[in-house]
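> Residue-level listing of the chains:
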Amino acid sequence: MGRRHPTRSRVMAHAGLVAGIVLLALPLVLGDLYLVRIFTLVGINLVMVTGLSLLFGYAGQISLGHAAFFGLGAYTSGFLTRLGWPWVAGLLAGVLVAAAGGLLLALPSLRLKGHYLAMATLGFGEIALFFFTEAESLTGGSDGLREIPAAAIGGFSFDTPTLKYALVWATAALVLLLAANVVRLRPGRALRAIHGSELGAQACGIDTVRIKTQVFVISAGLAGLAGVLYAHYIGFVSPSTFTLNLSLILVAMVALGGMGSLSGAVAGTVLLTLLPYADAIIPGLSRDTVAFLQDWESDIHGLVLILVMLFMPGGIAGLGRQLAVRLRRTSRTAEGGAS
Amino acid sequence: MENAELLQLAIAGLKNGSIYALLALGFTIVYAATNVINFAQGEFFMLGGMFAVFAFKTLGLPLIAAVPLAVVAVTGVGVLFEVLAIRPRRDGDQMSLVIITVGGSLVLSSLARHLFGSDALPLPEFTPGPSLAFAGAAIERQTLWIWGLVLIAVVALTMLYSRTRLGRAMRACMQNREAARLMGIDTGRVVMISFALAAMLGALAGVAVTPLTSTRFDIGAGIAVKGFAAAILGGLGNPIAAVAGGLLLGLIEQAVIPFSSTLKDVVAIVVLLSVLFVRPQGLFIRERKEKT
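In the order they appear, the protein sequences are chains A and B. Take 1 as the starting number for the first sequence in my numbering and just add one per residue. Take 1001 as the starting number for the second sequence in my numbering and just add one per residue.
Some hints here could point you the wrong way.
Counterexamples of contact, computed for chain B against chain A with all Cβ distances above 10 Å [said to hold, decoys possible]:
(1) Phe1126
(2) Ser1162
(3) Gln1175
(4) Gly1188
(5) Thr1213
Derived list of chain A stretches under chain B, where covered just means 3 residues or more per stretch with a C-beta under 8 Å from a C-beta of chain B [as the list claims (entries may be wrong)]:
(6) 185 to 192
(7) 309 to 322
If you are wondering where the hints come from, they were derived from the structure by calculation, not from laboratory data. Being a predicted model, the structure only gives us computed values, none of them experimental. Glycine is no exception: its CB is placed at the ideal position from the N, C-alpha and C atoms.
With these hints in hand, go ahead and build the complete structure from the sequences.
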């Protein structure tokens, strides 16, 4: 993946920030509860995809099992808060368990590359799903866990859609901000170096094993965090959420946005999460169109994966970069003509 | 446990194992030609059963016509998939190709849901009748069909590899694609034929097993993991090792059943992960050179 000029990456980061703030404010300004709900889902996915983007988009380590970490976070926190644990404790436990799962998978997987890693993570996801379904005393089996309390800090409960929305987006913004700093600084360069050539990165003195383990654990932890947010937002978790399909959608979001670009990942997440709810964004969309989009969602995700790899390997971010280069070139030739 | 019971488990293990073997062969053939794991391999299996049910139920064809028709149709799907989705990026990096096959798997299974619905679809046995008794154990007639078809497929494949010009070209690609190309072998054709063969073997497995298990649009991913586990257990890239891995995996699964029948479904994944982590070159391959 092409490396960006630092100033331009800052410009893009700012553009992303502005876009983010607009997105954030929109549902509240409009006061539309449907929009608030959908954008809460966008925020939750964003936390998860940010983690996957660090792992897959930046370090080039694919995971087809991220739904497992999402589920670990959701179930852990759901289970503990139902026992009466405070939400913050459930949150920490959820993130820790997911991160520990990431460590468990990362240690032996580090030697695996490409399709082997893809298969290993896919297998891990399937085992997690099996565990969610069969460990009935912990997970409620295929019925799942019901009546998970809303998030609460101290005596303050985030129990209205607007408050939940605010909590999710505050978390998502924080995560994005941290991630944007991580990728801009030394660790981000190390990740990209590993993506480019692992051997080369090693030769430059990067401890690739350590960095890869760290990014795997962080990525799993972020998915766990998203899982915690999800469990206390919906109030109900069941195995049917944490399937291979979800893991693939997340990969599609990163790929559509463009490998090695956080703002791209944001765009990919927003687009693909909104796809089945397009009527919330595009007014006057016929019900048939929405039904079609919902019915054909998986086909579209699959096509996105294929078409992006075939025709725009840089994803949305790559298109943006190409556009910027072309614009600059035309302006430069215009200047050249004048002088 | 009594001998007859053991024998019964072994029969079931070898039945499932030969299905895994066909899928493992599909993985191995495509891997040998392209160095890529085809994540859509399970969908060929699913489509085989689906097309057969469609030809039999909807078109009203007799089974003897519906089954070969389904296999041929899925072979066509395999070729189409290669031409449309793989060929344009055939020389791309491995990760892109992996993602393309993952996308292909999603598209094929969702299309199958649109075309054939989301219910489990049954198919009658090829030759209905009571099970055959063998040393105190019962063998379903369909199991014999499965073994027969697998045997024919393996023999035909062996002949193809050892006796024909195309087979020589495929083996050359397996060893070193670049060198094969330099020797004048049309590697592009080999890749296309590999996908066709993989689709055909997957469809054959799917058609043969559907009378026993019925089929559904979403069974592809699960069976693909098992087929891949078999391939990796034997050693990826070696057809004989793939078959051995498939049979072994089938037997291991049955060996777990007396202890816990729910665990049977994750045995393949546990085997897959253990082999990947401990001995990624497979059990039956002495050393593996990482191809680039």
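> Give a verdict on every hint.
Results of checking the hints against the structure:
1. Phe1126: Answer for phenylalanine 1126 of chain B: holds, closest chain A Cβ roughly 31 Å.
2. Ser1162: holds (28 Å)
3. Gln1175: holds (20 Å)
4. Gly1188: holds (17 Å)
5. Thr1213: Given a closest Cβ separation of 18 Å, the condition holds.
6. 185 to 192: violated (count 0)
7. 309 to 322: holds (count 3)
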